[in-house]
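Residues 279 to 619 (the working numbering) are what the sequence shown spells out, left to right.
Keep in mind the hints are simulated off the structure, nothing from the lab. Check the hints yourself; a few may be wrong.
Beta-carbon label-pair distances, calculated as ranges [claimed, not checked]:
hint	residue 1	residue 2	range
1	Val497	Pro311	30 to 40 Å
2	Arg317	Gln502	43 to 53 Å
3	Gln502	Arg397	39 to 49 Å
4	Gln501	Arg605	38 to 48 Å
5	Asn430	Arg605	44 to 54 Å
6	Arg317	Ala493	38 to 48 Å
Note that this is a predicted model, so its numbers are computed, not measured. For each residue, glycine too, the CB sits at the ideal point set by N, CA and C.
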Amino acid sequence: MELSTVWFILIAVLWTGYFVLEGFDFGVGMLLPVLGRGRDAEDTEKRRRVLVNTIGPVWDGNEVWVLTAGGATFAAFPHWYATMFSAFYLPLLLILVALIVRNLGFDYRGKRDDAQWRRRWDVAIVAGSVVPALLWGVALTNVVRGLPIAANKEFTGNLFTLLNPLSLLGGLVTLGLFLTHGAFFTALKTTGDIREDARRIAIRTGAVTAVLAVALLGVLGFQQGDGWSWATTVLAAGALLGALAAGARGREGWAFTGTFVTIAMAVATYFLLLFPDVMPSTTNAAWSLTTANASSTDRTLTIMTWVAVVFTPLVVAYQAWTYWVFRKRIGTQHIPAPAMH
Numbered sequence: 279m280e281l282s283t284v285w286f287i288l289i290a291v292l293w294t295g296y297f298v299l300e301g302f303d304f305g306v307g308m309l310l311p312v313l314g315r316g317r318d319a320e321d322t323e324k325r326r327r328v329l330v331n332t333i334g335p336v337w338d339g340n341e342v343w344v345l346t347a348g349g350a351t352f353a354a355f356p357h358w359y360a361t362m363f364s365a366f367y368l369p370l371l372l373i374l375v376a377l378i379v380r381n382l383g384f385d386y387r388g389k390r391d392d393a394q395w396r397r398r399w400d401v402a403i404v405a406g407s408v409v410p411a412l413l414w415g416v417a418l419t420n421v422v423r424g425l426p427i428a429a430n431k432e433f434t435g436n437l438f439t440l441l442n443p444l445s446l447l448g449g450l451v452t453l454g455l456f457l458t459h460g461a462f463f464t465a466l467k468t469t470g471d472i473r474e475d476a477r478r479i480a481i482r483t484g485a486v487t488a489v490l491a492v493a494l495l496g497v498l499g500f501q502q503g504d505g506w507s508w509a510t511t512v513l514a515a516g517a518l519l520g521a522l523a524a525g526a527r528g529r530e531g532w533a534f535t536g537t538f539v540t541i542a543m544a545v546a547t548y549f550l551l552l553f554p555d556v557m558p559s560t561t562n563a564a565w566s567l568t569t570a571n572a573s574s575t576d577r578t579l580t581i582m583t584w585v586a587v588v589f590t591p592l593v594v595a596y597q598a599w600t601y602w603v604f605r606k607r608i609g610t611q612h613i614p615a616p617a618m619h
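When you get a sec, could you build the whole thing from the sequences and use the hints?
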């Protein structure tokens, strides 16, 4: 196997890691005003603190995956990186701003003992979760379906080129998947009313998302799929249905595993549909960026491979240890009463 193909697979793995981990962070953030609604002001604040605390120890580590994916793309496929980032300049800028605002929300909502202060930062968390959840799906669906790319590897479209019906559907699918994933994660990590409410929401959002996902992957599959991509599509659909069935029986662990597999198989489907291209050109197929014409030199890829072999297991082991340390459930009974004004 050529090193360019190896790094295409590794980049797919990095994006998979990002979406299955950061995906439930986005879901919890989006559900903050829904699952965080209590009987009174004190109960509301306790419920919201529970939600934030479920992802508090891990959300910043989960974001490292997208930084690594972007860095790996820059080093392994510089032409892919240049064309993709110029084509998605505005969406990526919006995602970056949203992530910054969301992260500030996590860090600053508890800095003042003031209800209005916390509500404003809660809005930042929700908005900072919705925008990336939607735009990542729009961007990646555009990459798979193809974009107008000229012979010099430059994107020749505009913002409205990206806002096509299929890519918008892709954004709704990632939004729904992350909502469902986050709701099952919340049910897995909490006790009491929040757990029950999260499980009910997960089943409802998951049912709607299943319909949208089947439509999206079905269209992409009929347009450019093969046996492998159809296999991962079926696995994604089966895993989502299994997650909903497990959730209905109160098996949150299996339900969360199901949405985990669903997102992983959906990302695998996208990369299988893409290969051997990295950015197909709708202007002329001969102008498409491929793993061959967009990659770095063999020497660069060799050095990167040895670095990845040494450090990737260490990073994965450390992150697995973090999840193990913070594996216990939490509930409103663990949150001290806030001083409300």
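Subject >> Assessment of proposed distance window 44 to 54 Å (beta carbons of asparagine 430, arginine 605) >> reply: holds, 51 Å
Original post:
So the hint says 38 to 48 Å: do the beta-carbon atoms of glutamine 501 and arginine 605 match that?
Top reply: holds, 42 Å
**OP:** Given the hint of 39 to 49 Å, check if glutamine 502 and arginine 397 actually sit that far apart at their C-beta atoms.
**Re:** Given a distance of about 46 Å, which is inside 39 to 49 Å, the answer is holds.
Original post:
Holds or violated: 38 to 48 Å for the Cβ distance of arginine 317 and alanine 493?
Top reply: Hint holds: Cβ distance 39 Å, inside 38 to 48 Å.
**OP:** Could you check the hint for me, namely that arginine 317 and glutamine 502 are 43 to 53 Å apart, CB to CB?
**Re:** Holds, at about 52 Å.
Original post:
Between valine 497 and proline 311, is the Cβ distance one that fits in 30 to 40 Å?
Top reply: holds, 33 Å
Going through the hint list in order, the structure satisfies each hint without exception.
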